[in-house]
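Participant: Protein chains in written order, with numbering that gives the first Met the number 0: chain A, 0 to 375; chain B, 0 to 480.
These aren't lab readings, by the way, just hints derived from the structure by calculation.
Don't take every hint at face value.
[To be verified] Partial chain A-side listing against chain B, Cβ under 7 angstroms, derived: (1) Leu2; (2) Phe8; (3) Thr10; (4) Leu11; (5) Asn17; (6) Pro176; (7) Ala311; (8) Val343.
Just so you know, even glycine gets a beta-carbon here, dropped at the ideal spot from N, CA and C.
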Amino acid sequence: MSLIEPIQFATLVVLVLNALGVAALIILKAINRSRRRRAEARKRSHMRLISRHVAFEHSTDPVPAKAATDPAFIDALIDVRNALAGSDLEKLERLVARHGVVDELVSDLRRSFPKVKRLRAAMALAELADDEAVPVLLEHLDDREPEIRVQAARGLGRMKWTPAIDAIVARFGMETPWVRARFADTLIGFGSAATWPLVAYVTVNHRHETAGPVAAIRTLAAIGDDEAVKPLIEVLHAGADPEVAIAVIEALGHLENPMAAPVLRSATRDADWRIRAKAVTALGLLADTESLEDLAAALHDPEWWVRRNAAAALGVIPGGLDRLYEALTGRDHPASEAAIEALVDIGELAAARARIEEGNGRTRDHDLISVAEAGR
Amino acid sequence: MTWARVLEWLGYGVLVYFIAMQAYILGLNLISTWALRRDHHLNRFGRVTEMLSSRTTPPVSIVIPAYNEVVGIVDSVRSMSLLKYPRIEIVIANDGSTDGTLEALIDAFKLEKVSIPYRAEVATAPVRAIYRGRGAVDITVIDKENGGRADALNAGLNAARYPYVLCTDADVIFEGDALMRAMTRVVEDRERTVAVGGNIRPINGSPVDLGHLVKAEVPKKLIPRMQMLEYLRTFLAARPAWSAMNALPLVSGAFGIWKRSAAIEVGGFTPGHMGEDMDMTMRLHRHHLKNRIPYRIVYEPTAVVWTEVPETVRVLRRQRIRWHRGLIQAVREFLPMTFNPRYKVVGMLTWAANVLFEFIAPIIEFAGWFIIPLAWFLGVLNVEAFVWLLLLAFGMGLLNTLNALLLDESYGYFDTKTDTARLLVMALIENFGFRQLTVWWRIRAMLGGAAVKSWGNMERRGFVRSVSPPQAPPASSASRP
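Given these sequences and hints, build the entire structure.
Facilitator: If you want it as structure tokens, here you go:
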């Protein structure tokens, strides 16, 4: 066989594919254009219809027979739901129940495919947050699709279905970082109801794994419940893994409970600079005046991050400003650099200028300006 | 062996090369299509909204290197400060601008000169001063002596305070949720993700208002329109495939998010490198694969940034020569990775393909301009086979473009019939003239001459404003020397 024949054949195939490609592109663009327009129009009309049914519960405007299976109707329902509260919301929930929307979505979610339809159903169930969907959402916390697990947890969170907390926390260690982060968002929404399940999870698991407990500790910090302070201090005393210890120190700072101050002060002398750096920041968040000495000492730390964080902490603690000015004109150059950055960040430079302009300038205002403008 | 015989064997060699190249492009198209289909549904289901309201979203430092960008820098910084993202800081590295870029920034953002610590974890040209402003978003300007784009990026890396750094240009327009979309890839796997690349699209001819794109339109001028097809092919029909294989050879400089610690660990950007983005991407691959550290470098097609592309042949020529010189530098540096199984898919496939089909292809195509007439003159050219082969090459190129256009359709940017017609006509004609010019420029880049500075020579025409007349002087004054 000569070489030309296969080339001719390949060329003809490619040219036919090109012709099909051009046709597909033209048709697809036309279809998408009209689909987008129709979908928008349908959604607008559904929104009007749903609003009328909410305003007049016995409205005679007919809801289309297949509304529960129409994505535009579901989208409209979600948009209207997110704008309602109180008795209007109850009316909407009755409308949802009358037309079997939740049942339809549950059946879509229970299918094995297509994925997009399942995802859309999970998201709609999460948005509608209807109690009827609780069993199916609990079931799908174990779904093979990560995004469906996320939506299942989100839905349960939106309903504030507290029995789901344990099931969500139990999955922390085995989930991907993305799903874990979204689960954390859901647990934060539960508020203090999630504190003890998270504390129990951290206490049991911090010796065996890192990622799950670290995420759980960060979630506790975001929830902001003081009940978590004591158990977290105990985790720190138990000689936690450095990553866990860092997360605990960070959380203790965010919880802003003075009970944590002694343990944080001792952490400013830890061998690991990352722990020292987090500890000084946490002390700043606590605004603990008894820590001034420890923070002033940390300005002379060999590690840059520790000095920088200590200076920032001194900038927000009553009495810390004096320590920063002392460091500014002191002989330790790195400490002076950290102090100037913190003073600039808290707006002290501008304030010093203003005082001088008003004729109330103090010696240290002049010192600050001369150091700040010294240039490089 | 006669000359005729040599030419005949050369022809077979080129045929094998052609088949390998087309198979590679076809493979990339198929994998990209699969990867985009796989991820497309995720982006429609609230991932961005969830990230925006989450307290676990990591903060980002935006680093903008600037050299003589007085015309657009203030608008650009303002536009970036409005990005939908919970916590950002903006670090501008002024690389010894002489056109008043620094003064414009000081005036616009009420910056104050401060003597704060600057940690040179990566060596840079001397820093002259640091300015800081405290508005809704923290802005830091590092005023340094001229050292080129890579050097300015390194200064930005040094000054950045957050763990992830978005390196970009001073003349781009981000879609509001672009950073958030790119960062979803970081949150997916924060431990392993060392870089994320975004999707770059040409903005020429599209109306812009107050630093925001009003409506995406296909450029009316031919040169930007041809580049639009190139960008679509690269960002939709190739990068998703490389990303799916964790073998992305390039995170583009206009939209690259880097894990700060990883970028510093490999020594920062290489000063003087013409393709510092490719160099950094490849060094990250090399470092992690050599030391067997788990990592991933990913591309996010829905994270879109719009940039002005050259509108004249002169500017385009300079840009292409600079790009190809960057590739040549990278090929030299990473040659030991080529076909080296130690570097897995990166060494065995993407980098090898980059060397074979990006670096060598122009040489073969250029040689063809002389060898084919010679073969015809010597009577050894099978004219019929040649014509069919040419048609096949044209068809394969068109198929690649059509696939990119079909993939682009799911994003719904170009909606009108005129846009469709413009893109299709351009897909048909781009092989006649434009392709040959780019081959010639690549050869020029290999031969040397036409000195190109590392900051490039892009002349800005300015964005098309949709409402108000331009506030700034004509953009042509923004040319980089």
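Participant: State for each hint whether it applies.
Facilitator: Okay, the hints, checked on the actual structure:
1. Leu2: holds, 6 angstroms
2. Phe8: violated, 10 angstroms
3. Thr10: Status holds, d = 4 angstroms.
4. Leu11: violated, 9 angstroms
5. Asn17: Holds. Min distance 5 angstroms.
6. Pro176: holds, 5 angstroms
7. Ala311: Constraint on A:Ala311 not satisfied, violated at 11 angstroms.
8. Val343: The hint holds - A:Val343 has a Cβ within 7 angstroms of chain B, the shortest such distance being about 5 angstroms.
Hints 2, 4 and 7 from the list above are not met by this structure, while the remaining hints are.
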